[in-house]
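Q: Spelled out from the first residue to the last, the chains are:
Protein chains: 6
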Amino acid sequence: MKVTVSRKAHFNAAHRLHNPSWDDATNKAVFGKCNNANYHGHNYVMIVHVTGEIDPQTGYVMDMKVLADLIDAEVCERFDHMNLNIDTTEFKELIPSAENICVVIWQLLRAKIATQYELKVTLYETERNYVEYAGQ
Amino acid sequence: MKVTVSRKAHFNAAHRLHNPSWDDATNKAVFGKCNNANYHGHNYVMIVHVTGEIDPQTGYVMDMKVLADLIDAEVCERFDHMNLNIDTTEFKELIPSAENICVVIWQLLRAKIATQYELKVTLYETERNYVEYAGQ
Amino acid sequence: MKVTVSRKAHFNAAHRLHNPSWDDATNKAVFGKCNNANYHGHNYVMIVHVTGEIDPQTGYVMDMKVLADLIDAEVCERFDHMNLNIDTTEFKELIPSAENICVVIWQLLRAKIATQYELKVTLYETERNYVEYAGQ
Amino acid sequence: MKVTVSRKAHFNAAHRLHNPSWDDATNKAVFGKCNNANYHGHNYVMIVHVTGEIDPQTGYVMDMKVLADLIDAEVCERFDHMNLNIDTTEFKELIPSAENICVVIWQLLRAKIATQYELKVTLYETERNYVEYAGQ
Amino acid sequence: MKVTVSRKAHFNAAHRLHNPSWDDATNKAVFGKCNNANYHGHNYVMIVHVTGEIDPQTGYVMDMKVLADLIDAEVCERFDHMNLNIDTTEFKELIPSAENICVVIWQLLRAKIATQYELKVTLYETERNYVEYAGQ
Amino acid sequence: MKVTVSRKAHFNAAHRLHNPSWDDATNKAVFGKCNNANYHGHNYVMIVHVTGEIDPQTGYVMDMKVLADLIDAEVCERFDHMNLNIDTTEFKELIPSAENICVVIWQLLRAKIATQYELKVTLYETERNYVEYAGQ
Chain A
1172 MKVTVSRKAH FNAAHRLHNP SWDDATNKAV FGKCNNANYH GHNYVMIVHV
1222 TGEIDPQTGY VMDMKVLADL IDAEVCERFD HMNLNIDTTE FKELIPSAEN
1272 ICVVIWQLLR AKIATQYELK VTLYETERNY VEYAGQ
Chain B
1172 MKVTVSRKAH FNAAHRLHNP SWDDATNKAV FGKCNNANYH GHNYVMIVHV
1222 TGEIDPQTGY VMDMKVLADL IDAEVCERFD HMNLNIDTTE FKELIPSAEN
1272 ICVVIWQLLR AKIATQYELK VTLYETERNY VEYAGQ
Chain C
1172 MKVTVSRKAH FNAAHRLHNP SWDDATNKAV FGKCNNANYH GHNYVMIVHV
1222 TGEIDPQTGY VMDMKVLADL IDAEVCERFD HMNLNIDTTE FKELIPSAEN
1272 ICVVIWQLLR AKIATQYELK VTLYETERNY VEYAGQ
Chain D
1172 MKVTVSRKAH FNAAHRLHNP SWDDATNKAV FGKCNNANYH GHNYVMIVHV
1222 TGEIDPQTGY VMDMKVLADL IDAEVCERFD HMNLNIDTTE FKELIPSAEN
1272 ICVVIWQLLR AKIATQYELK VTLYETERNY VEYAGQ
Chain E
1172 MKVTVSRKAH FNAAHRLHNP SWDDATNKAV FGKCNNANYH GHNYVMIVHV
1222 TGEIDPQTGY VMDMKVLADL IDAEVCERFD HMNLNIDTTE FKELIPSAEN
1272 ICVVIWQLLR AKIATQYELK VTLYETERNY VEYAGQ
Chain F
1172 MKVTVSRKAH FNAAHRLHNP SWDDATNKAV FGKCNNANYH GHNYVMIVHV
1222 TGEIDPQTGY VMDMKVLADL IDAEVCERFD HMNLNIDTTE FKELIPSAEN
1272 ICVVIWQLLR AKIATQYELK VTLYETERNY VEYAGQ
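Protein chains in written order, with the working numbering: chain A, 1172 to 1307; chain B, 1172 to 1307; chain C, 1172 to 1307; chain D, 1172 to 1307; chain E, 1172 to 1307; chain F, 1172 to 1307.
None of these hints come from the bench; they were simulated from the model. Be aware that a few hints might be false.
Since copy identity is lost for identical chains, a pair holds within one copy or between any two.
Using 30 Å as the maximum straight-line C-alpha spacing, the simulated DSS-like pairs for lysine-lysine come out as follows [to be verified]:
| id | residue 1 | residue 2 |
| --- | --- | --- |
| 1 | 1236 | 1291 |
| 2 | 1291 | 1179 |
| 3 | 1199 | 1236 |
In isolation and in its complexed conformation, chain A is listed as follows (with noise of 0.2 Å):
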């Protein structure tokens, strides 16, 4: 019986989405507000979505206070309070978009959770745009 189990979690960091082989007005043109020199941010809301069978000994698929501190570890304390574009490794070549921080948070991830169970993240960036990313 396979059960898929969801916790939610959260960070707050500043980005700018600004390609550097493009001109000014072309970063102005496709990105508008989200190309600020100076940066903005948001209250990042992920869902971390774990796949497998559950453990008749436990009634677990897995320990839920396992996979909070593993995404706290992965993801929050790289993530929260941070300038995304300077602060991190990740994202020094990498445009911060939703959906490119939905795939990172991904792999960061998937190193670290066994092979048996499947995995998918959702990203709110606001409370009306949010991306989903399973590894395909």
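Got chain A sorted already, so can you dock chains B, C, D, E and F onto it with the hints?
A: Just chains B, C, D, E and F now, with coordinates in the frame of chain A:
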């Protein structure tokens, strides 16, 4: 890498569930309060989900501003502050149940979104009742 | 010790903002889309706040079940799945703006709640617009 | 055209995570605070998702009122304001983890919903932790 | 300039409403399902509101981290994953209704927050039922 | 009859808490992660509350569209997708704590709203932390 981007929007409308091929007693028995002759209404909340590849130049699957404007032009302009049964062409012959409204929204958007993208629409009629259609 | 107990409830209704003493152009100019002749609608969410002393025998200010039943009988039975302009006596002569609906709900409940309690009503017309009345 | 209709409901219950084949120290180590001998509790929120064809006569996949009544009769009547470990037969031998509760709810509903419909159940134990089961 | 800062926190607990000076039939009649002998439970959500002057050196009324830690130490450590009737001293003689829990939380925090600040506590027992106490 | 109308709006911004009259160690000790030199950010949500008499001609305390446009022009245009510390004049000398941002928003709106109305502003910095100012 396939990522799904989701955008939330809303419209407020009046409607009535009524099958003109049935007599009043049958309509009342099947649709109950939703059959009220003078209409009732809802704050409809929709989430539009678009799945595609990330463009490495922008970090976007699709520009959320473009998607938001498309939802506004195709759905909100058409249905917001309208009586779905009277003021629209879509529900002249079709019962405006949540299911049918969701399918109609999907069709309206599908016609305007490039075929390389997958499309799914979620429609909340109330906080407790919602429906989803992905074109299958 | 004065404690406020609050109970959330909801009803779905159609309405139209229209002042019959004005011509159509004025109504359109003032009320915009809310003036649509064929009505539109909302999921109204109300929160009823009752303030009083805790009864040491029960630990209750007021039995929430009694309050919930009262809201249901006085408000939901009257307005749920109705057209406020046509199907109710309260809005025959009164414009069913959120403000007026809130005052009417307060009056309906005030008549049924013992005078030792203070009463306030919050009414959400949409997630973004709400009003509050406390009888002053 | 396959549409999914979803209905939200809730129940409030006490529970305790405890494996009777383990000693107290192991139970405490594995389940932590959730092992508290005197129980703790949650406001469980479930969303029941039913997928099927739209009936052209009604515009419904399934009458939401019928679905709501079924959830009430099969799940809420059984679990609401109960101690899951003591007051129910389902969790006499089964640890009432969110995962197991979700599977039990799915089984209870599956037995009552016609086989032409697909069924999925989402169960929130807290706002931050939820699980999902679709019968695979 | 008086500003109110509010901090949200939560705890999950079991409880039972029961007046030991009444017989079982009276308890059942007054408290209904909430009287269940084996307890039920809730995800309690509290919002703690502190009103005071802004410190021009910090821009803070009160350091939110300090307030969060205080709520954690005084309330969550005491009540989280507990049976309020059995595991706490506060509700040995006091019925753990939402009203009484809210007053107790207010008293616990009032004893630790400097008197120049005003204090109010909001406590949600469910999404639909909540109570508020400000010490009057 | 005095009714309060409330309107929700939002803006996304970067900020940093830093007192230039202190050394770095003191700033770090007082503001912690919020002192990060490269900024972080939030989705700020504000609720603007205006209290006044209902106009019997319209049923309105104040036209919500007018209030929404005012919030947009005075607050969102100024702060949305900005770095509060760098891109605004209001926080050149004032620490952009939630408390100070809330007071500044109140002052910006108070200057534009007729004096017969009372005004209160609620500002959420995160879902768990919010502040409120009513001009006293």
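Q: For every hint, state whether the structure bears it out.
A: Structure-based check of each hint:
no.: 1; hint: 1236 - 1291; in the structure: both (18 Å within a copy, 25 Å between copies)
no.: 2; hint: 1291 - 1179; in the structure: both (12 Å within a copy, 20 Å between copies)
no.: 3; hint: 1199 - 1236; in the structure: between (43 Å within a copy, 14 Å between copies)
Violated hints are absent here; each numbered hint is respected by the structure.
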